[in-house]
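Novice: So you can see what is in the structure, the chains are spelled out below.
2 protein chains.
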Amino acid sequence: MSKKKTILVTGATGFIGHHVVNELHNKGHNVIAFSRHQKKAELLSWWGKVKFVIADMQDPNLNIRELFGEPEILIHLAWAGLPNYHAMFHYEENLPASYHFIIKMVKSGVKQVLVAGTCLEYGMQYGKLSEETHTEPITSYGIAKDTLRKFLQIYQQNISFTLQWVRLFYTYGTGQNPNSLFAQLNSALDHKDDIFNMSGGEQLRDYLPVEEVAHRIALVAEHPECNGVINCCSGNPISIRRLVEEYILSHGSGLNLNLGYFPYQEYEPMAFWGEGKKIHNLLLKNDENFLREKK
Amino acid sequence: MSKKKTILVTGATGFIGHHVVNELHNKGHNVIAFSRHQKKAELLSWWGKVKFVIADMQDPNLNIRELFGEPEILIHLAWAGLPNYHAMFHYEENLPASYHFIIKMVKSGVKQVLVAGTCLEYGMQYGKLSEETHTEPITSYGIAKDTLRKFLQIYQQNISFTLQWVRLFYTYGTGQNPNSLFAQLNSALDHKDDIFNMSGGEQLRDYLPVEEVAHRIALVAEHPECNGVINCCSGNPISIRRLVEEYILSHGSGLNLNLGYFPYQEYEPMAFWGEGKKIHNLLLKNDENFLREKK
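Listed in order, the protein sequences are those of chains A and B.
If you read the first sequence in UniProt numbering, its first letter stands for residue 1, the second for the next number, and so on.
If you read the second sequence in UniProt numbering, its first letter stands for residue 1, the second for the next number, and so on.
Heads up, some of the hints might be wrong.
[To be verified] Here are some chain A residues pointing at chain B (derived, C-beta under 7 Å):
{"hint": "1", "residue": "Tyr91"}
{"hint": "2", "residue": "Thr147"}
{"hint": "3", "residue": "Phe151"}
{"hint": "4", "residue": "Leu189"}
[Stated by the list, open to error] Far from chain B, by Cβ distances over 10 Å, these chain A residues were calculated:
{"hint": "5", "residue": "Phe68"}
{"hint": "6", "residue": "Gln112"}
{"hint": "7", "residue": "Thr139"}
{"hint": "8", "residue": "Asn158"}
{"hint": "9", "residue": "Phe182"}
{"hint": "10", "residue": "Met198"}
{"hint": "11", "residue": "Ser199"}
{"hint": "12", "residue": "Gly201"}
{"hint": "13", "residue": "Arg242"}
{"hint": "14", "residue": "Leu249"}
{"hint": "15", "residue": "Asn258"}
[Claimed, not checked] Output of the computed footprint for chain A on chain B, the stretches with three or more beta carbons under 8 Å from beta carbons of chain A:
{"hint": "16", "region": "137 to 149"}
{"hint": "17", "region": "250 to 258"}
It should be emphasised that the hints constitute simulated quantities derived from the structure, not laboratory data.
Note that the structure is predicted; figures quoted are calculated from it, not measured.
In this text, a Cβ means the ideal position worked out from N, Cα and C, and glycines have one as well.
Please model the complete structure; the sequences and the hints are all you need to start from.
Specialist: Pasting the structure below:
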């Protein structure tokens with residue numbers, strides 16, 4: 001078991017953040033959950049168990065010492081307005097907010113920064129995408145994240161800190177945006193609908209359940225020697241149709257798919273998935289259960 | 001001859017801008033030269049011939065209608081602090097200043113925007129680089145310009161305007177930064193030095209004289225149908241050693257080169273040059289002299 005750390009988590013009330021705070025708390029770390037949304041926080045399973053800080057990251061007078069003390073690790077998951085991938089606020093607001101907050105933390109002495117990246121950094125590239133594959137984003141969201149990573153990497157030449165850019169692929173689970181595929185699917189299952197409208201479903205994607213993503217983020221945070229770009233992916237492409245069919249089956253439902261109701265998204269290639277050697281090695285080394293589960 | 005246009009040029013007192021204002025004025029366009037530097041402007045050949053506006057682009061209260069009237073074309077060349085390619089101000093100051101100024105102009109009705117890009121957007125890629133080659137910048141300067149281009153392209157989905165991203169390769173000539181190779185070389189020639197310290201000089205680069213760059217920028221501005229990424233390059237790689245030797249010879253000097261005095265730059269590939277089909281076609285079509293000059 002690794003040493004207990006004091007870890008500040010931004011976006012703590014978000015889809016990923018909620019699970020990451022839980023995971024870190026369960027592992028015994030001293031978590032500071034940071035968010036703008038107290039009402040949302042009060043409904044989450046970690047409420048009352050970890051220190052909660054409500055503030056606006058963009059406030060120029062943010063007194064980070066007073067608010068957070070001296071966390072050893074920053075896990076930066078905050079990113080407002082998803083999944084509206086094409087809007088300009090990704091560049092105009094989220095990017096400078098994230099950049100200046102992270103730099104402020106680094107200047108105040110944080111030596112390790114973990115940030116959620118996105119597979120949309122890759123843009124319209126097909127097939128297996130590794131940590132060495134160059135990025136070529138085409139969405140406002142993808143470009144903003146890609147730019148944030150590049151400038152944090154450049155900034156490392158000024159002040160030495162560990163950057164763990166955990167590039168997320170597709171995630172599903174509790175707390176997801178209500179417009180997402182799986183939130184819609186869960187709603188259809190709950191309402192015992194007959195028919196579920198979706199795209200053709202032939203897209204090959206790389207999916208992980210949100211609990212597994214949170215497990216991996218926490219594991220990476222415990223291992224600063226694992227850094228740079230870190231793909232957080234299954235490594236196994238699955239068609240969305242099969243994923244949805246298996247999900248429906250596992251819920252014992254007879255929900256019928258209306259395939260082809262929605263068009264395919266223009267900003268996503270039909271088939272791409274991740275190669276995540278770094279996390280894979282970390283999982284092999286650190287989690288004996290991992291191999292057993294896979295057998 | 002194309003129709004006379006009202007053209008706002010930012011960075012008008014800069015190395016490229018000075019020549020672009022001259023070229024546009026000589027072609028009969030109505031030029032508005034915009035800069036923060038009046039003293040510098042007063043020394044330039046276009047002073048007194050074109051409208052000059054002094055203001056700070058980053059001033060949030062900038063009244064662009066009052067200052068500029070209604071220009072039809074914006075040529076955005078302003079970019080402070082070159083050639084310090086690694087500093088964070090490219091991201092922290094220049095990028096938002098450029099972005100917000102351009103967007104403000106577009107929102108006020110400018111339908112055509114020409115911006116100077118840079119071959120440093122390509123990063124560590126070797127060989128012939130075309131307008132279709134993906135970008136992979138590694139310097140703060142290169143990433144900031146690359147990001148500006150990407151977000152302006154994204155912005156075109158919100159408001160329709162013509163974006164001409166004129167990607168400059170290497171440029172030499174009057175008014176260049178005193179630390180640049182050719183400014184140093186000119187100084188050595190002026191002082192009748194015996195020895196000129198330089199790198200090994202084996203790097204293959206793509207050079208154009210600044211007057212030719214200004215000629216091309218003006219030509220592109222006159223042709224909005226030529227847009228997107230537009231490489232502004234010779235297309236012919238030349239070793240820096242040969243370029244310098246030829247330059248010294250053409251000045252009738254016997255200056256000796258101390259090759260290998262400076263190391264090669266880590267942030268530049270040893271051999272890369274541009275392919276610029278769009279401008280080449282424009283030159284062929286529009287400038288009969290071009291073919292004659294090449295013969």
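Novice: Taking the hints in turn, state whether each one holds.
Specialist: Now the hints, each set against the structure:
| no. | hint | verdict |
| --- | --- | --- |
| 1 | Tyr91 | 5 Å, holds |
| 2 | Thr147 | 5 Å, holds |
| 3 | Phe151 | 5 Å, holds |
| 4 | Leu189 | 35 Å, violated |
| 5 | Phe68 | 23 Å, holds |
| 6 | Gln112 | 20 Å, holds |
| 7 | Thr139 | 8 Å, violated |
| 8 | Asn158 | 7 Å, violated |
| 9 | Phe182 | 28 Å, holds |
| 10 | Met198 | 26 Å, holds |
| 11 | Ser199 | 22 Å, holds |
| 12 | Gly201 | 27 Å, holds |
| 13 | Arg242 | 32 Å, holds |
| 14 | Leu249 | 40 Å, holds |
| 15 | Asn258 | 29 Å, holds |
| 16 | 137 to 149 | holds (count 5) |
| 17 | 250 to 258 | violated (count 0) |
Hint violations for this structure: numbers 4, 7, 8 and 17, all remaining hints satisfied.
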